[in-house]
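Enquirer: Respectively, the protein sequence lines represent chains A and B.
For this note's numbering, add 1370 to where a residue sits in the first sequence, where the first one is 1.
For this note's numbering, add 31 to where a residue sits in the second sequence, where the first one is 1.
Just so you know, these hints were derived from the structure itself, not from any lab.
Mixed in with the good hints there might be a few duds.
Subject to a maximum C-alpha distance of 25 Å in a straight line, what follows is the list of computed BS3-like cross-link-like pairs (lysine-lysine) [claimed, not checked]:
1. A:1718 - B:83
2. B:47 - A:1718
3. B:260 - A:1462
Under 10 Å between C-beta atoms, here's a sample of chain B residues computed to sit facing chain A [said to hold, decoys possible]:
4. 88
5. 111
6. 165
7. 171
8. 173
9. 183
10. 200
Glycine included, every Cβ here is placed at the ideal spot set by N, Cα and C.
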Amino acid sequence: MASNRVLVVGGGLAGLSATMKLAELGIPVDLLSLTPVKRSHSVCAQGGINSVNDQTRQQGDNEWNHFDDTIYGGDFLQNQPPVKEMAYWAPKVIDLMDRLGVTFNRTPEGYIDRRRFGGTLYKRTAFAGATTGQQLLYALDEQVRRWEVEGLVKKYEFWDFLGPVLDDNGRCVGGVAQDMVSMEIRSFPADAVVVATGGCGLIYGRSTMSVFCTGSAASRCFQAGAKYGNGEFIQVHPTAIPGADKLRLMSESARGEGGRVWVPRRPNDTRPPKQIPQSERYFFLEERFPKYGNLVPRDIATREIFNICVNEGLSVDPTRMCVYLDLTHIPRHELDRKLGGILEIYEKFQGVDPRDEPMKIFPAVHYSMGGLWVDYEANGEGGLLPGSPRNQSTNIPGLYAIGECDYQYHGANRLGANSLLSCIFSGLFTGPGIVNWIKSNKAAADLPKSIFEGAVAQHQARHKKLLSTASGSGENPYVLHQELGDIMTRAATVVRYNNQLTEAYEKVSAMVERAQRCSLTDAGNWTNQNVIFTKSVQDMIPVAQCILKGALMRDECRGAHFKPDFSMPSLSATDPTERRLEAEKWCDAFEENTRKYLKSSICTWKGQEPELTYEDIDTRLLKPRPRLYGLVGAEVIEEVWKNRCGKQEQSEQARPQSKQLAGAV
Amino acid sequence: MIAPGPEANSARKPSKINVKVLRQDGPGTPPYWERHQVDYEPDMNVISVLQKIAAQAQTIDGKKVPPVAWDCGCLEEVCGSCTMVINGRVRQSCSALVDRLLEDNSEEIELQPMTKFPVVRDLMVDRSRLFHSLKRVQAWVPVDSYFDMGAGPRIPREDQEQNYPLSQCMSCGCCLEACPQFNKVEVLRQPGETDEAFDARKKAAYESEFIGPHAISQAMLFNSHPVGKNLQKERLETLTGTGGIQACGNAQNCVAVCPKEIPLTTSIARAGRAATLYAIKKFFDR
Chain A
1371 MASNRVLVVG
1381 GGLAGLSATM
1391 KLAELGIPVD
1401 LLSLTPVKRS
1411 HSVCAQGGIN
1421 SVNDQTRQQG
1431 DNEWNHFDDT
1441 IYGGDFLQNQ
1451 PPVKEMAYWA
1461 PKVIDLMDRL
1471 GVTFNRTPEG
1481 YIDRRRFGGT
1491 LYKRTAFAGA
1501 TTGQQLLYAL
1511 DEQVRRWEVE
1521 GLVKKYEFWD
1531 FLGPVLDDNG
1541 RCVGGVAQDM
1551 VSMEIRSFPA
1561 DAVVVATGGC
1571 GLIYGRSTMS
1581 VFCTGSAASR
1591 CFQAGAKYGN
1601 GEFIQVHPTA
1611 IPGADKLRLM
1621 SESARGEGGR
1631 VWVPRRPNDT
1641 RPPKQIPQSE
1651 RYFFLEERFP
1661 KYGNLVPRDI
1671 ATREIFNICV
1681 NEGLSVDPTR
1691 MCVYLDLTHI
1701 PRHELDRKLG
1711 GILEIYEKFQ
1721 GVDPRDEPMK
1731 IFPAVHYSMG
1741 GLWVDYEANG
1751 EGGLLPGSPR
1761 NQSTNIPGLY
1771 AIGECDYQYH
1781 GANRLGANSL
1791 LSCIFSGLFT
1801 GPGIVNWIKS
1811 NKAAADLPKS
1821 IFEGAVAQHQ
1831 ARHKKLLSTA
1841 SGSGENPYVL
1851 HQELGDIMTR
1861 AATVVRYNNQ
1871 LTEAYEKVSA
1881 MVERAQRCSL
1891 TDAGNWTNQN
1901 VIFTKSVQDM
1911 IPVAQCILKG
1921 ALMRDECRGA
1931 HFKPDFSMPS
1941 LSATDPTERR
1951 LEAEKWCDAF
1961 EENTRKYLKS
1971 SICTWKGQEP
1981 ELTYEDIDTR
1991 LLKPRPRLYG
2001 LVGAEVIEEV
2011 WKNRCGKQEQ
2021 SEQARPQSKQ
2031 LAGAV
Chain B
32 MIAPGPEANS
42 ARKPSKINVK
52 VLRQDGPGTP
62 PYWERHQVDY
72 EPDMNVISVL
82 QKIAAQAQTI
92 DGKKVPPVAW
102 DCGCLEEVCG
112 SCTMVINGRV
122 RQSCSALVDR
132 LLEDNSEEIE
142 LQPMTKFPVV
152 RDLMVDRSRL
162 FHSLKRVQAW
172 VPVDSYFDMG
182 AGPRIPREDQ
192 EQNYPLSQCM
202 SCGCCLEACP
212 QFNKVEVLRQ
222 PGETDEAFDA
232 RKKAAYESEF
242 IGPHAISQAM
252 LFNSHPVGKN
262 LQKERLETLT
272 GTGGIQACGN
282 AQNCVAVCPK
292 EIPLTTSIAR
302 AGRAATLYAI
312 KKFFDR
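Please model the entire structure based on the sequences and the hints provided.
Expert: Right, here's the structure in full:
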């Protein structure tokens, strides 16, 4: 395999774990990144990484429960085999990261400490202070540096991936990229290309994401023919700190360590928070969800906070919308040991010590559950078949997607501390499959040079055309980006309405053409950030269209996608019999909705806009059920549902064949 | 999503902010000052000022200019990208809040690139030497494989609490900018030089100079890991060689400027002791 190479695009957790695994398997890797890989957006992950562990196991937890929590948290929108495999690998992933020297917090006895995160009742989350993503990334960065010294990895940092190279049969045989310093454009012949380029938060202007998270690399694959799945599912994190340039994340771990969200019961209460007595504080998450409390899944917490501010007028600040996130009841040394990193961020950027004063927070765009469509091959137990070249493969043969830029693991809503897991897992797991793919194909290095020269010429033409627009009077790319961000934030975040989505889709579609008319302010060919940014803005638009179109077409509420006009009504009857009848109807409606909408939205690029189709979900292991999280007042729905499932199980037991796993998908 | 409101006292806030930027078009070209002016908004930092400058693309005199180039990433001081010299002090530009800067000097904000690294363009510098130092000290745990071998060794809480701060080093380069013993090394590409030849020349140049406090601290981090210490000898060999620990002049500037408050001088002291012991042992083992 001497002449085989793999191109990995993106050096966050997913890209680095894939790189080191491939290098271990003896495959040389070209690792391409917009930034030195150690600075990738994974550094921003704060709270931790989930797995079943010895302690939770003895409290009744197991891998299956982690799988179930993840599917339930994602509102059943995931194909189940990859998620099952991930949950079963989770303890192994944490063991490996432990061996690589990650400075996980320790119990007094020296074991890895754990905390609770949203959407589960178990303490599954391993953490390194409140900078877990940074610590995990550094461990992988160090291993990749080791392989770099060994000569198996060559890094191309400050390079922008411009698109995949396809041969005449539509197989991906490499990529084209641009050096962001010298502006050189060249091809990278590769037997497989792995895209690990993260989320697309910059489409919303300001989000919790880093400036690199434009989604443009994924968009370039999409425009080259890769399918994009479930784009409309964008996670809005409940707790972030507002800022002029960025909305800074305030980790869920703050609530995992006992932080409480509240507002004064009285609107426009001007008293300082600490002077408001307990009885006059409205701990709305705890009151409405006594079972999960402040640790309901993110989509629910976000909607509740949004509702408290927008509809109930209980914002704690008269000039802007926000609620209190209160840690002041927790001892300082405990806070410093477990949450130091995030408290410093609040202190530095807000000038207030959150150990003394409750923080003021509000939701912000945070994570893309959707992304490039990827395949999988299931094994007999409903997990994944190791070594299958289909795992994590996009519909373009030889083009793989892993990490946040794939659509695979989190369905309609991601659980906290599952993203670090999905990134590292998909990176590690995909390596052997890629090796098998390479074995069965002609080496890219032996292909005619003309394939690569043609691709380079195409990107050079685009580049030259943009430079020639300098000092013209066309669109300002920075202003256009702001406009895009404003439209997306207004129409496609927490609460969505069809009229707003339609209008937004029209406006954004008009931007396809407007973005082609951008005028640069820098015509130079040295470190021209202006032209790199303009290209990324142009390429944000197709993904923005996928998000809007997916949201527009989905007339239901599922996870992070919430349309009040299509929400399931809450029960209103007080008479027990009538209430039960209402619950029956509710469950009928739920089943009907599942039949209609429990499908992935799949976008395909058609030159000016995406075409949207639907694909069935592989629910071979878990039957979809109402996602209520013990909501007060909805107990009767749970009851009715259990009853129905009981009856169904009985009838299925009578016919055991119907439970067979084979033949799904 | 968020409508930012004015925090606390918004009195005496200017409507405009003057910014002076030291620009440079590329390596080997002369630097020059340029003045910009942007509208004031609440909650601004240097990043949002630079974003406005990029969007305007003209100086205070209305002269059309290309946007100022700079490096940034996470905007919350964990990625280490956006280091520059702001009002004469090296720091991250994301956590440099405009209101605070104006309290010190209401006339203007002065932005310069770091002086210890070669300028790529404007405020962007080439910090590859910083990462090369991490290779020199083999800053990694040499595990056998990435297969599932069970958990790592148990680590006492005390050790974790000592190591975690060292592991927060984000390779921003502030300590190197402030260190009197760390001097700029700029290797310019020669005409027709191949990538390999250029890289080899850079490597040789970097390795003849001081490795820097950040790398010494990383060496100590990995030397205190139960498996990481398998490379302890190799690391100490580097630290006792050219550009190693003896180049440190104990100015203690590094620890004063570190945005993560990493106890760099403690690491250097530990490294000094370990290097001395290593040298003595090596002498007697000859």
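Enquirer: A separate judgement is required for each hint: does it hold in the structure or not?
Expert: Here is what the structure says about each hint:
no.	hint	in the structure
1	A:1718 - B:83	holds (22 Å)
2	B:47 - A:1718	holds (24 Å)
3	B:260 - A:1462	holds (23 Å)
4	88	holds (4 Å)
5	111	holds (6 Å)
6	165	holds (6 Å)
7	171	holds (4 Å)
8	173	holds (7 Å)
9	183	holds (4 Å)
10	200	holds (8 Å)
In summary, the structure agrees with every hint in the numbered list given earlier.
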